[in-house]
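Since each chain comes alone in its own frame, lean on the hints to assemble the complex.
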Amino acid sequence: MSVLSHGRASRHILNRLVEEAPSGPATLTDDHRRSLSARFRAVSSEHHRRLDAWMVERAGAPSGPFRWSPSTARRAIGNAALRRRLSDPALSSVAAVDAELDEQLLRVLDGRARSGSLAVFLAQSAPATRGLIGAEAAAWATELAEAADGLHFSWSVAPSDAFYDVATARTTLRGRRDLLVVRDDERVVVRVRAGAPGKSAGPGLRADLTIDALADPAGVAAARMIGLWPEAGVVLSVDGTIEDLRAGARDLVRTAVVLQRHRLTAAA
Amino acid sequence: MTSLLDASPSVMDAMRGERGSRPPANTTAAAGLRATLEDAIYELLGPAVREVPLVVRASSLRHGEPASTSDSPVARVRGILVVQALRLMSVGFDVERAFDEALVAWRAEVGASELTQAVEHLSDDDAALLRSEVEAHCVTLKRSLGVVATHWLPRTSQRAHQRLAGGNVVLRDVVDLMVGTTASEVASVALLDVTTSRLEEGTERAMRYHALVQTLRTGVVPLRTSAFSTATGELWSSDVDDVLLTRATADVLEVLTSMVTS
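Protein chains in written order, with our numbering: chain U, 1 to 268; chain R, 269 to 530.
Only chain R is shown next, with the shape it has when bound in the complex (with noise of 0.2 Å):
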């Protein structure tokens, strides 16, 4: 895995890479995971339908952290507001006043919700203090995120939705940033998590779990699993090849086994 710390080169860079050293699409080791994750998961819950599916998503798998302040819901809204401002740099918007856009745009996304409410009602030291964190951590995001090319084919908030086990399991996930394309002949597409808290043992377990539902999505296996700390500025990427999918596979049973066990 690399780390860079306050991105030099750029994210963008890191996450491509050069184009000349990238592998072959593997277009063949999606069924062999998900075969081995339906195994599992029929040796762990049995062929009963469960009325109600287990579900994990990225979140799930930082269960071994402490709790962390980015639980409380400004932490939340924080992070919200920070990959609100990704997606409009994505497409090229040049955000200025990271926090007044990254509101508009999340409030037309969502309409009126728990959490847009738990913002209406801050109170004035909590907001002014809520407004100068977006701010702080989306100057870090623009300083070290680079160019992002159109011809890179940027999509964001890539969600994914993966049934297993006849639908006993779900996996949810989405991806804050995904370039590239799974149509090219050599492994082409980077995935990007965004975070406001510091990077952690977690964040490569959700790196992970990022490129293995990926890869259960489209069949295609991605080129490259990055995390950004919008925090402390440090980014984490890792190609992905059969041993960091193996590794992923068993993240999501060990999550499941502690789901069924707990």
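If we strip away everything but chain U, and leave its shape as in the complex, we get (with noise of 0.2 Å):
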């Protein structure tokens, strides 16, 4: 049975749920893989396709054009920031943004940025706009290391978001993660959004945790995906179970079915 757990943001609530986080999660097999891409082959396509939980929690409707704005960029610039330090504690958030923000801009001045990269977009963007973003970066690396405080088990801030390709269906799959807790041999992932949560949350938070297994080489699941909503003050979470697994494909399938929906009534 798929559980959904909802609590309220206190402290050490991200300690405690994932103390509480059971044990042996679930495995995706090749054969669970090979099931999920003939499904997404079987919802034909004409361009590459992108899904992630996003998409899912809104049930496929088209959402605008992806655009570089101080809170878009704030999530990457501040994980970056939290992880320079987590290895160098003396930096201040506020420092680590500036010194995140000096990296993006010498990828510039390299030629390592490509067009339409964060790194392109700051080095576009008036100082005062950067000055901008470093402020929401600095507040999501604070309001990112508060939430961690607590925790009495080994934590690291994601190195990246999960991808997934699904073979020879032209699907990419991506799934958000903010935290990675080691407890045991086993993890639990955090992963952090703005505003409140939706009646779709718990569909977006099991589709994070499908597309995190799919990620993971041997196909194991997180024993637990906790989904933190600070602004809310609102914690969810589901377990790394098969029928969450499945739950979240099937959730990711039907938004590939929808979205080809709209794109032909778009066309028509």
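In case anyone wonders, no lab produced these hints; they're calculated from the structure.
A portion of the hints provided could be inaccurate.
[What the hints assert, rightly or not] Covered by chain R, according to a simulated footprint, are these stretches of chain U (three or more residues, beta-carbon under 8 Å):
{"hint": "1", "stretch": "66-75"}
{"hint": "2", "stretch": "160-166"}
{"hint": "3", "stretch": "208-219"}
{"hint": "4", "stretch": "231-238"}
Just so it is clear, CB atoms sit at the ideal spot from N, CA and C, and this is done for glycine as well.
This is how it looks when you write it as structure tokens:
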């Protein structure tokens, strides 16, 4: 049975949720991967599909084109800044963000940044815009560090989101993850979102759980996927059971179907 | 409540106060406050789920005051730009051309909106007036704010969104500047609301509201809630305690009652 747990943000809430996560998460086998691939292949697509939990939560409803802004840049820079702070605890969030911004600008100077990337956006932004991005990112890093502060387990900032290319289905799945917590030899994943969770937050969390498991070379799911909404002070979590993974996969395929319908309607 | 004019000590010093005199962090009050609000809202609205929630904001708490010039679009832009300047100052950005820099930052944040369009279409006289007003307010802010030390963990435009009574009521809030941490064993979080208007009775209610919503959001009672007027250079600051939070819940319920009965 799939269970979505709901809690209020409080001190040490993450620690409690990590401690209470059930052991022995499910594992996705090659058969599971082949089955998922077949389901996605059945949903034809002229273009390469990119799906994530946000699209699942919006039930495939089209959203506007992505544009870089201080609020869309804050997570990437804030997470990178917190990673710097973990390796150099003397750094403040603001100093770590400044170092990260400098690093991004250096990538542009060295010719290592591609068009449309965050680094190019930063380089093309006015100093005041970069200042605002710094303020947003420092706030993000501070909130994330505060959430993780009470953890009695080893934790790190996720090196990147989880990506999984579905074989021969022209589909890439992207799973959001911010903190990785290690308990014994299992992992618990924390992902942070702005705003407040809507009615479809559970399916979104399950989609991220499933993508994270698919991205794991051995297919092992996280013991628990925790969604944290600091603005709402709400924490939701789903466990790494086979039922939750199946539900996540089903929702991703459904979203692909709805997206395809939208495209066909728009083309007609 | 403490009231300081042309903040001396600086706004930041007044907000942070004496480190040794901070009370232990109160991590138990939030549940009681939420229960009080839930019970009272149930009595007010009943069990039915509303199609559209009642949304309370800090501005809702100013309902008793006469209509102010700060409600005009130009005054709103002035307030937004001063807060943008505060955000830049909080991360050590040296704000020299306050209007231009705040405007650039704001446009990058919101893209094209009704308000940004309104600024585009201002007459030369109105644009010059807005520029000079923003510059003047920012001079007051810069002079009074003091140093925002990075180890105080400054966070600007902190949003909060609290659903109550199954979503029938939503408390929304944005705190202009927050410093301190909820992870400390002593109360540490200080909240600052910056306004380009004068400080009035409604300001005090808004200060209490920020403290209440922050308590509900994090589960930890803040140390202090403050408001600073860039119009007068005046700072109001209150320690957050049970009495203040109880008054804040009463303020919210009063607003909700007036929403339901109007």
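Now for the hints, and whether the structure bears them out:
1. 66-75: holds (count 4)
2. 160-166: Coverage by chain R is violated for the stretch 160-166 of chain U (0 residues, Cβ < 8 Å).
3. 208-219: violated (count 0)
4. 231-238: Holds: 3 residues of the stretch 231-238 of chain U have a Cβ under 8 Å from chain R.
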